[in-house]
Every structure is written in C-alpha cells, then in structure tokens.
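Number of protein chains: 2
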Amino acid sequence: MMDQGTMENGVENVQRLPATDDEFGGVVVEMKEHMDSEVFHTLLKTSMSLWKLQGKKGVWIKLPIYLSNLVDAAVKEGFWYHHAEPSYLMLLYWIPETQNPIPGNASHIARVGAIVLNDKREMLVVQEKLGNLRGVWKISTGITHEGEDISVGVVREVKEETGIDTEFVEVLAFSQHHKVFFGKSELLFLCMMRPLSFDIKIQETEIEAAKWMPLEEYASQLSPQENGLRKYITELCIAKVDRDYSGFSPTLVTSYCDGNPSYIFLNKGDLNKQS
Amino acid sequence: MMDQGTMENGVENVQRLPATDDEFGGVVVEMKEHMDSEVFHTLLKTSMSLWKLQGKKGVWIKLPIYLSNLVDAAVKEGFWYHHAEPSYLMLLYWIPETQNPIPGNASHIARVGAIVLNDKREMLVVQEKLGNLRGVWKISTGITHEGEDISVGVVREVKEETGIDTEFVEVLAFSQHHKVFFGKSELLFLCMMRPLSFDIKIQETEIEAAKWMPLEEYASQLSPQENGLRKYITELCIAKVDRDYSGFSPTLVTSYCDGNPSYIFLNKGDLNKQS
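Going line by line, the protein sequences match chains A and B. In case it helps, the UniProt record's numbering puts the first sequence at residues 1 to 275. In case it helps, the UniProt record's numbering puts the second sequence at residues 1 to 275.
Hint data in this document are derived by calculation from the structure and do not stem from the laboratory. Since the model is a prediction, treat every value here as computed from it, not as a measurement. Any given hint might turn out to be false.
[To be verified] Within a straight-line C-alpha distance of at most 30 Å, the following computed DSSO-like cross-link-like pairs (lysine-lysine) qualify:
#1 A:K120 / A:K62
#2 A:K159 / B:K179
#3 B:K57 / B:K76
#4 A:K62 / B:K45
#5 A:K52 / B:K45
#6 B:K129 / B:K76
#7 A:K56 / B:K76
#8 B:K211 / A:K62
#9 A:K52 / B:K268
#10 A:K45 / B:K57
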C-alpha cells in the first residue's frame, strides 16, 4: 500500500502514500487497500510535507466508501470535499497560496420534456402519482442518466412512462432553473418527438394515467394569466405544426474533449440556407 | 442534540437522532453539533430501527465537514454517499425493498463559449496559458457558476478573460459531451455576443494573448477535414452575419419549480411568425 523508503541524495526518504502526478502540477492519491486510520494519518502528514517541498499544487485523495474510516484523518489535515458519488468520496487540498482554480462539482441536472404529437393533433400527456403536479395533465418528463445523450434519454423516458415508441426530432426550446435539487440547477430541454406506436401502457409505479389529448384541449387548461412553461409548450407545439417553427436538430461533431463523436444541436435549416 | 425520551402509548421511547420528515415519506437528519462517534453510532442504530417500523422511505444524513468523525459510523450502518460539496457530505439510506427512485447527483457542467463579433467582421479570440489548446486561437469559454444564468455567465467570462464588455444576443447552438470531468458531462452553449467595448486587457493568470481576428482568418486556420466545434463556430458565425441565422433567444417565464422568473430559450422569430 505504501512506497518503501528509498535512498535519494544520500538521505533516506520516509514512507509516503502512493501518488501519481496529474497534468496540472498536482498529485492524485487513489486509496484502494484497507489501512488503519492512524497509519494513514501519519503517512498523509509526511506525504504532504514532501509535496509542499516539491511545489505540488492540488492534492486529490480518492477514498472508496469501504475506506470511510480514513475520511476524518484527511479532513483533520485540512482536506475538504470536492465531490462524492455513491461509491467514493473525493477530497482536495490546494497547496499554493494562489486562489484554487479547480472547477467545482457538476452544477446541473439535464431534464428532458417530450412533446409527442400524433397526426390527429393530439399530444401524449400523463398524470404523475407523486409530487406537486399530481392530477395535472402534463407532458412526459425525466432526468437523463449519467453519460446519456439528450436525444436518447427522452426516447427512454417516454417509453418507460407510457409504453410509446418515439423518434427524436429536435429541441424546440430549453430553459434553465436554479436551486431545483440540493442547490443544483436544471436545464430542461423541450423535445419534439414523432410517435412510432400508439397504444399506451403506463408505468404503474410513477404514472397515474396517460392519454392522447387534443392540442386545443391541452391549451384550454391554461388560464389567460399563465406565463409558465405550459404556455410555451402549447405555443411551440402550434408553431411547429402550423407554421414550420425551426428548433435545434442534432448533427454529429468530433468532440473537442476526447475526439469522440458528440452532438451539436443547431438550426439546420438556417445554417444550410443559401445566401 | 438528541430528542429526549418521551412516553408514547405507555412505552418510553429511547433517545434518537433529531430528524424532520420530507415530502416523499422520508426523513432528514441534519447534524450540526459535535458528537462522539460512538454515541452517534448508537443513536443512529436506534433511530433506524424506529424509522423502519414507521415505514419511512429514504433517510438522509447531512454531515458538515467539521463532523467528519461521524462519516464512518453512518457508512458502517449501510449509508452511502449521495453527494458532497466543499462544506458537507450528504449520505442516503433507502429503507423499502423497492428500487431507490432518488435521482443521483448533478450530472452536467454548463460551459459557455462566446462568439463576439465587431462590425469589421472580426472575432474576439484568445490563447490560453494551460491545457491542451495552448497556442491555439479560440473563442473565450468558461464554466458558469452555481446558480448563474447562461446569459450572465458568458458576459462575465468574456470580461474576465479579455476585459471586453458584451451584451448577450442568443444561443446559436449547443453541444453535449460526456466524461469531461470526473465522469461528468458537459453542455456547451455557443453564444452570440455584441461587443460594447473594444480595448483588450487580458487576464494574466489564465490567458496568454487575445485579439480581434478577421473571421476569414479564423476560418482559414481549419483543415478541410475539420469536423469539430471550430468548423461549426465558423459556419454559425457566417450564417449569422450574412444570412440571418436564428438561434434561441431568452424570454422570461415563471419557473415551474418555484414560481421564480427563469429564462426559456427559443426561436423567437419563428414563434412570433404569423401563419
């Protein structure tokens, strides 16, 4: 688990925690094996002295949840929490006196809302079993999974909640909301979807009811003072069906992050228009 | 710190952790005062037995970082990490045998990229000091802060990096990239910006150089095989300037989350077109 003491410049190095350098002048300690918390504390103190002498910047410690006995020692040495996932906790210490430039944890949930219209001008609507929209006919919505494309997540959500197969057409609009979930923000993408099947089979655990509702009936539920998303869902839907509204549709692009394919969503009609 | 034992149905309740009910049938333990970890462990065991009997669902424990001595006991009782911020760790236990329906932590960073064009068809470009785009002339980009609107974050980033004041016009396109930062995803919003000042003053710590570059010169940097974002930045820019490309512009809407004003970004020209 620990590096053996070695001779360097004629001085015997003390034992320290195993660490790898990162590309920003910092080190990453990824703990895997069980260790007594006092042994860990001693090694951490020694290692930190060494890294400070070496001019290291950020020091990361990744502790799997089965090493929760080591959290307290790291905090006592001045580390703070950077982020956590169910299986691990990531702690951080910034050595330089300059301000820590490391970005915080992820800040947004990506939610999708599905506007599914059949060719009878009917929209797919659901009533949820829980939450503050109980009893309201609304579009199917859900949170995208980690690593899931928006265009994939919205197809999955509609299928799960209503049993309807759909094809993603485009993003009609998006909205941003803050302090939605533990202080985090949300980006909600309203997606135009083409239905590929029509027989509804609801998800019993979360959905009370689902049906195809005439667009005009959906619109008639709104009060004249309505200025929420439901107003825009109605207007976008009518503009799309009757007036050729252009949203953003996906085009494959090489990601600047890792060179893998990603989607860029843009107004394809306008981009390809001839001048 | 703990509830006193009380008489209920003629039976004396044992001491338990202070908790409040949440709206989903669960309880929230928000620890604030220092406590010995063994005392906490005992109280947690007793409390969990009680909450199981009461049919509670999710049990949340929020531990401020100064109570890191209690993390290990909670994990030993079967809690896992839900999320962490610099100052606290949130742990979760799902009592029912059904699948835990609680959404995970935030999954996305919201990044903004600023396309700032002056009326000489010149684009504001920068070279960064660090990272894999060193030496490349690129648009100014940055990560929005917690709770910050996209349209505000992009103005701030341009100002910080180049000293240029700008006004947000619209989102020309957005792209989604996965596994960008500790497994998290990124949504990148390419924003059209109108410059309100023209004298560049760079941020010395992060930016090597900044200048106004003719659009055609920016385009000429790209190889014919280029299929990354830089190709679309060029094309979107030319489509916007020469062909009236419509992106998504912001309109105030009442948030469905909390009734506060939020922005919905949509194709305003198309939405307001007469049929």
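Against the structure, the hints:
| no. | hint | verdict |
| --- | --- | --- |
| 1 | A:K120 / A:K62 | violated, 55 Å |
| 2 | A:K159 / B:K179 | holds, 26 Å |
| 3 | B:K57 / B:K76 | holds, 19 Å |
| 4 | A:K62 / B:K45 | holds, 28 Å |
| 5 | A:K52 / B:K45 | violated, 42 Å |
| 6 | B:K129 / B:K76 | violated, 45 Å |
| 7 | A:K56 / B:K76 | violated, 34 Å |
| 8 | B:K211 / A:K62 | violated, 40 Å |
| 9 | A:K52 / B:K268 | violated, 55 Å |
| 10 | A:K45 / B:K57 | violated, 41 Å |
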